[in-house]
Each structure stands twice: as structure tokens, then as C-alpha cells.
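Generate coordinates for the entire structure from the input sequences, incorporating the hints supplied.
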Amino acid sequence: MGKKVTTRQEALKAVRDGMTIMIGGFLAVGTPEGLIDGLLESGVRDLVVIGNDTGFVDKGIGRLVVAKRCREVIVSHVGTNPETGRQMNSGELKVTLVPQGTLAEQVRAGGAGLGGILTPTGIGTVVAEGKQVVQVAGKDYLLELPLRADVALIKAHKADEKGNLVYRRSARNFNPLMAMAADLVIAEVDEIVPVGSLDPDAIMTPGLLVDMIVPGGACHGC
Amino acid sequence: MGKKVTTRQEALKAVRDGMTIMIGGFLAVGTPEGLIDGLLESGVRDLVVIGNDTGFVDKGIGRLVVAKRCREVIVSHVGTNPETGRQMNSGELKVTLVPQGTLAEQVRAGGAGLGGILTPTGIGTVVAEGKQVVQVAGKDYLLELPLRADVALIKAHKADEKGNLVYRRSARNFNPLMAMAADLVIAEVDEIVPVGSLDPDAIMTPGLLVDMIVPGGACHGC
Amino acid sequence: MDAREQMRELIVRRVARELKDGDVVNLGIGLPTKVANHLPEGVEVIFQSENGFVGLGPAPEPGEEDPDVVNAGAQPVTILPGGACFCSATSFALIRGGHVDVTVLGALEVDQYGNLASWMIPGKLVPGMGGAMDLTVGAKRVIVAMEHTNKGRPKIVAECQLPLTAAREVDLIVTEMGVMEVRPDGLWLVEIAPGITVDEVRAATAAPFNVVDDLKVMQA
Amino acid sequence: MDAREQMRELIVRRVARELKDGDVVNLGIGLPTKVANHLPEGVEVIFQSENGFVGLGPAPEPGEEDPDVVNAGAQPVTILPGGACFCSATSFALIRGGHVDVTVLGALEVDQYGNLASWMIPGKLVPGMGGAMDLTVGAKRVIVAMEHTNKGRPKIVAECQLPLTAAREVDLIVTEMGVMEVRPDGLWLVEIAPGITVDEVRAATAAPFNVVDDLKVMQA
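Residue numbers (my numbering), protein chains in the order written: chain C, 5 to 226; chain R, 5 to 226; chain V, 37 to 256; chain P, 37 to 256.
In case anyone wonders, no lab produced these hints; they're calculated from the structure. The structure presented is a predicted model; accordingly, all values stated were derived computationally and were not measured. Each statement offered as a hint is correct.
In silico DSS-like links for lysine-lysine, alpha-carbon gap of 30 Å or less: (1) P:K70 to C:K7; (2) V:K56 to V:K70; (3) C:K135 to C:K98; (4) C:K135 to V:K160; (5) R:K135 to P:K160.
Listed below in C-alpha cells is the structure:
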């Protein structure tokens with residue numbers, strides 16, 4: 005089997021204009037900042053980005069928004085990044101807001117081969133507009149459809165050379181879900197350890213899901 | 005907060021005739037044999053048991069079947085326990101067979117507050133009979149409904165006194181899913197460790213889900 | 037402490053008294069976060085942080101911050117012994133699945149039916165719902181903790197005009213003027229703040245409400 | 037090795053040659069399990085065990101068995117370095133989500149449309165489908181590995197009579213008589229076992245099939 009460890013320049017060659025990209029993180033915690041640096045360097049644009057939020061103007065997904073690399077963001081929250089709101093109001097950027105738990109299940113469904121899930125969240129709100137309502141045991145649920153991406157950019161704490169990943173604390177968030185839901189998965193990691201040194205029970209993303217590993221951990225965006 | 009560590013006799017007082025019980029394990033690996041001993045001792049009967057399979061005549065859920073404590077089993081496989089087949093054919097036991105991946109998602113949905121999930125598994129087979137078919141992006145899916153239980157009997161490797169659980173190797177299987185999907189969760193564990201000694205990242209079932217902890221690990225059924 | 041701070045402290049202290057030993061609690065960003073500082077003696081609760089853990093503890097000492105340990109507002113926090121981490125799908129499975137006993141959130145508007153609006157003002161402020169829609173639908177008990185009015189305008193209204201966060205999910209409203217329960221037959225004022233009259237509450241409220249016979253004085 | 041064993045070894049050796057370096061593979065219980073013993077040189081694959089791990093390795097030395105490390109047939113196995121464990125929901129998320137490249141299973145019947153029956157004989161044998169329905173629907177490639185006939189009765193049929201495991205999911209059938217591809221226009225015999233004639237295959241098959249022009253001899 006081929007080697008997975010590579011540079012961010014090499015890994016990001018696969019990301020092209022117009023693609024749909026999932027990016028891990030929650031307000032930039034657990035976001036692969038080195039890979040975002042790489043996207044900014046590569047000049048790729050017109051992206052549809054799926055993530056929890058648009059971070060901050062100088063951190064996380066927000067940096068792609070500020071650099072106008074996104075055509076659309078599918079996120080649960082944009083309140084910490086005024087530039088997202090500005091581009092949304094000016095019509096430069098499409099912002100699709102999704103309840104956070106629904107977003108997590110949609111990404112999970114995309115990776116798990118499910119055709120969708122029924123959630124009570126959003127019933128009776130604008131989130132329900134245009135969606136199928138299914139009644140189960142007398143209660144209304146929204147049918148929410150799976151989400152997948154061309155590429156997932158995720159951040160882990162440790163990887164072994166086969167791509168097995170371990171996340172740390174609240175930096176886990178959407179990362180393991182996105183690792184299952186994209187055609188190509190690139191993981192930025194703080195540390196690369198030899199195969200066999202991670203306890204099989206401690207691995208949170210099996211290596212078979214990870215295509216490329218990029219060493220990170222250095223100072224980002226500076 | 006109250007103490008969770010107790011005896012199996014005390015813990016199983018809550019299990020009454022006619023209840024729906026989830027029991028963890030895969031062919032008896034990861035099944036709480038001590039709690040099954042306890043059910044056999046308590047004389048409880050007429051149970052609906054949800055589990056991966058009916059184990060063997062002398063191991064796992066199979067022991068409850070042999071002792072005629074079950075009214076129904078909802079499982080993916082009964083082939084390793086001839087007594088299940090015999091009782092099914094004689095009409096003594098209702099056997100509801102569910103594809104394993106569907107069963108896992110149904111239990112997960114029950115614990116996650118989802119109204120159901122759409123799966124391609126079972127389309128075009130007898131599993132689809134009587135179920136709603138939903139088309140998404142031109143593909144047919146079965147709507148499968150959530151499963152919940154009155155009590156879940158699960159098996160973990162380690163617990164701390166707050167009920168945080170760690171499973172080991174292939175003994176994990178349905179246990180963490182069932183821990184979320186029952187009104188009362190009783191965990192049999194090999195070892196009880198002090199609070200704070202488990203790494204928060206290594207915990208597979210948060211203690212808030214676990215109501216009672218029963219020390220196990222001794223010789224079962226003998 | 038200035039008057040507004042006192043008012044806010046009354047709210048969070050009163051909300052804290054709603055929490056029972058062993059409860060799993062999710063506190064929203066802002067005012068609700070402060071509830072954690074006022075737990076009644078002998079009451080131990082488990083705080084859930086929707087970004088992925090339970091066992092949320094207080095802010096760390098300066099210099100002790102861990103960049104991977106933050107709350108849902110990205111502020112540095114700690115994880116207490118016995119805490120556990122998980123992914124976002126499991127975090128919201130806990131929330132949506134009814135494993136969180138109480139959520140405390142702020143509001144832009146709450147109405148007599150228990151409808152809550154808290155996530156956007158069309159054309160003006162669109163931060164997004166984050167986890168609020170799931171929390172409101174999923175938590176067993178939804179407590180709104182807010183100031184009674186916004187620059188003099190009532191926030192408790194007959195019917196929400198802003199886009200909803202969730203329909204008919206609010207159970208209790210705690211403000212600096214009193215405590216209201218949302219019951220099937222409408223709002224009921226069950227406690228009133230010291231020195232406030234029912235007429236004053238009516239004047240500051242844009243929804244009809246009933247007053248219980250044994251109206252109590254709200255205690256911090 | 038007796039004749040039947042030789043026949044079975046031909047099947048599993050031939051199936052093993054379908055596996056490509058880096059493939060994620062799930063092997064069914066019984067005959068398919070033996071495919072693991074015959075991987076071509078230079079081909080490293082990852083075996084998935086649906087009871088909850090990847091990195092399935094060979095049986096342990098006697099006395100080295102770990103009761104928590106078993107395959108989907110409850111037999112003691114090992115987990116290779118780089119293996120990883122997970123719960124049943126994640127195991128089947130991997131399977132259903134298309135993360136398993138190849139599944140190899142046995143069959144009671146396969147038909148010309150790629151329908152598979154493998155989990156019950158009404159009134160006689162009802163073991164249950166276990167993970168087979170998800171594997172057949174979810175794996176990118178479904179290979180049936182079986183003896184061509186059962187006590188002389190063809191197992192490749194025009195249309196399955198037994199309850200299906202999955203509809204139109206089989207890609208390849210490998211028996212001791214040859215290799216058939218399931219294509220949109222029906223079955224195609226692409227390889228034939230040494231010493232067997234096409235007429236013999238026809239006599240042992242209850243479904244129509246085509247024969248490719250460049251029919252090759254099946255190699256173990």
C-alpha cells in the first residue's frame with residue numbers, strides 16, 4: 005500500500021475550483037489551519053464549504069470567506085465572522101444555515117450510506133420550508149438528506165502511517181464524521197507515530213478512511 | 005449524586021415481566037453474562053429481547069431463550085442457537101429478524117431522538133414488507149423506525165464510579181448504542197477505577213447514560 | 037455591582053435553583069453561562085458543552101489554557117475529572133435524544149405558547165441557530181433566562197414575530213421581574229421579584245398571563 | 037487434499053486474485069474466510085470484521101486466544117498492528133457507506149440478474165441475515181464464492197426462488213467450474229476451470245449465460 009504522508013502542497017493538488025469541501029472544526033478549534041493556508045496559497049476558488057461555522061475573520065473557515073474563495077457555505081452559525089454576514093447581505097456569498105445537530109447527522113448519513121434521517125429539530129420553523137415532513141408514532145419529523153463532499157480537510161491530534169487518527173478534547177467535533185463523508189480525505193495532524201503504537205480501541209477514525217496525512221502543528225497563518 | 009455501583013440483585017430489581025430489554029454482545033462476546041445469570045435467578049419472564057443474535061444454548065442471550073424467558077427476540081441472526089429455531093417453529097417464540105446494520109441504526113436512532121433512518125438495505129427483499137419506501141435522488145430507501153427499551157443490559161471493560169465506560173476490542177459492538185436507547189442502563193464491568201483515571205478522550209460511553217454499575221468478570225453460568 | 041448586574045445576578049441565581057442533583061445541563065452563551073457560578077449547596081450537576089464533551093468546568097487559571105478545551109463560545113474552559121469527550125453527532129444525539137435534562141438559553145422573544153425566537157432578526161442580525169434548535173427540541177426542560185424587556189420593549193409577547201427557534205418547547209421563563217411557567221392554558225406568573233407589582237409585570241409584558249393564587253416572592 | 041478440498045481451494049485462490057493492493061475486504065463465514073490465506077504476493081488488503089474492527093489477522097497460536105478478539109463467526113482471531121475497533125453502528129456505516137471495496141460471500145442461489153439468496157430456506161433453515169444484507173448492498177463489489185452445485189442441483193438459476201438477501205447486487209460468481217460476471221445483459225462466463233467444457237458448465241447451470249470470445253482458463 006502506498007505512503008499516505010505528504011506535503012500540504014501535494015495533498016491539495018486534488019482540490020479544484022468549484023468543489024464541495026468539508027472542513028472540520030468548531031469556531032476554528034479542530035480546524036486544519038495549515039490546509040487552509042494551503043488553499044489560500046493554491047488560489048482555488050468558487051468553493052462550497054461545509055463546516056460547523058465560518059470561524060473568525062482571521063481563524064478557521066473565516067479566512068477562506070475573507071479571501072472570497074467561497075461560493076456557498078453550509079454551516080450552523082456565522083455570528084462570529086462579520087465578513088460572512090456582509091457577503092451574505094451583498095449577495096456575494098450564499099449562506100445555508102442548518103441546525104448543528106442536523107448538520108452532524110447529515111454528514112454522518114452521507115458517510116454511512118443512509119438516504120436521510122428524520123429529526124424533530126426545525127419543525128415549525130423556517131428550517132422546515134420545502135422539506136418533507138414524515139409522521140412517526142403521531143409525531144412530526146423533518147426528512148433531512150445526506151451531505152457528501154469531494155474533499156474533506158480534517159484535523160487530528162495523532163496519526164499513524166496508515167492514517168489511523170486520534171482526536172483531542174473538543175477538537176474532535178465534526179472531524180471523524182467528515183472523514184467518512186468525502187471522496188478524498190486529507191488529515192492535518194500534530195504528530196505522526198509508528199503503526200502499532202496506537203491502541204486499536206483508542207483510534208477514532210480508521211486509517212482506511214484517510215487518503216493523505218499532512219504534518220501540521222506549526223504556527224498557522226503567520 | 006448517588007452511588008451507581010451496586011449488586012446485580014439490586015440492579016435487576018427494576019426488570020419486570022413483559023419488559024423490553026436490550027442486551028449487548030455479538031455471539032455472546034460483550035454480553036453481560038452475570039446480568040443474564042441474574043435474570044435467570046430472578047425468574048423474570050415474558051421478555052422482549054433486542055440484541056444482535058441469540059448466542060448459543062449455553063452462552064449469551066441464548067440462555068434466556070433456553071429457559072423460556074422470552075416472548076420475542078428482535079435480532080439479526082439465530083443460526084448458532086438451534087433452540088431459538090425450535091421455539092420459533094413451534095410458535096412459542098416470536099423471532100423478528102432485522103439486518104444487522106439496520107438494527108444498529110435503529111438502536112442508535114432510538115437513543116439519538118431521531119424518528120427513523122432511510123437505508124438501502126432490504127430493498128427488494130422480505131425485509132421491505134409493510135415498510136414505507138422513500139425515494140431520495142432517484143434511489144429507493146426503506147424507512148426504518150427507532151428502537152428503544154425499558155432496560156439495557158450492557159457489558160464494558162472498565163467503568164469509573166460515575167459510570168464512564170470503556171469497551172475492549174470486538175466486545176464493544178452494540179453496547180455503546182444500547183447505553184443511549186433505554187430508560188434504565190445497567191452495565192456489568194470487568195474493573196471499576198477511580199473517577200479521573202480514565203482519559204476523557206478514551207471514554208466511549210459518558211457516565212450520564214449509565215444508571216447502575218455491577219462488578220462482573222467472574223466465571224459466568226457455572 | 038451596578039443595577040443591571042444585580043438584575044442579571046438575580047436571574048441566574050434563580051435559574052440555578054431550578055437545577056437538581058445529577059441533572060445534565062446545557063447552558064447557552066452569555067447570561068445563561070453564569071448560572072454555573074451559583075449552584076445551590078449539595079447540588080452537583082453535569083454540564084454538557086455541545087461542541088463535544090460533558091464535565092465542563094470553570095475557566096482555567098491564566099496561562100493554563102488548553103487550545104483544545106473550549107466551550108461552545110470558544111472561550112477556554114476545563115474538563116472536570118469524570119468528564120468525557122465525543123464527536124458532534126454524539127453530542128447532538130445526547131441533546132436530541134433527551135439525555136440533557138435542562139437547557140438554559142437567552143431569547144429575543146418568547147410567547148404565550150412557549151414559542152421561542154432567538155437566532156435571527158431578518159435583515160439585521162443573522163448569526164445562525166448553532167445548536168439552539170436541537171437543544172430547545174431535545175432537552176427535557178427548556179428554561180429561558182433573559183431580561184424582561186429590551187430597551188423597554190417587552191420580550192414576552194402574545195405571538196413571536198421573529199423566526200422561531202422552536203415551537204412550543206419553552207417550559208419556564210426567568211427574568212428580573214419574576215418567574216413564569218408555560219402551561220397548556222398559557223403563561224402563569226408563579227413568582228414575582230421583590231419590590232415589583234403584578235401591574236408592573238403586566239406593563240412590561242406584551243402577552244396575557246395568569247397569576248397563581250399563591251404567588252411567591254422570587255428568591256435569588 | 038481430497039477432490040472436494042481441491043475444488044474449494046481452486047475457488048478461494050481464484051477469488052484472492054480479485055483483490056487489489058489497499059482494498060478493504062469483508063469475507064463471509066465458511067469458504068470465503070479461506071480467501072485470506074491466498075493473497076497474491078505484493079497485495080496487502082485490510083480485512084474488515086463486521087462485529088467491530090478492521091485489521092483482522094490470522095488465528096492466534098493456541099493458548100494466545102483473547103476472548104474479546106473474535107471474527108463474525110465467534111472464532112478467535114487477531115488484530116494486526118494498525119487495526120482499529122468500533123461499535124456496530126460505525127461498522128455498518130463503513131459497510132453501507134461504500135468504504136468496503138469487496139465482500140466475498142457464499143450463496144444458496146444466485147440468478148442471472150445478480151440477485152442473491154443466502155439467508156433462509158423457508159420452513160427449513162432460518163438462521164437470519166446477520167450482516168449479509170448490508171454487506172451485499174453496501175460493498176462496492178460483491179463476489180459470490182461457492183460450489184457450482186449443491187448435491188448436483190444448480191445454484192446459479194434463472195431466477196432466485198428463495199427469499200433474497202439483496203436484489204441485483206452480485207458482480208462476480210466464482211465456482212470450481214469457472215468465473216461468471218453479472219453484466220447488465222445477463223451472465224457472462226469469462227473463465228473456465230481446467231478440464232471443464234462449456235457444455236458441462238451449461239449442464240450444471242440453471243440460468244442462461246453468454247460466453248466471452250476470449251474465454252480464459254481459470255487459474256488458481
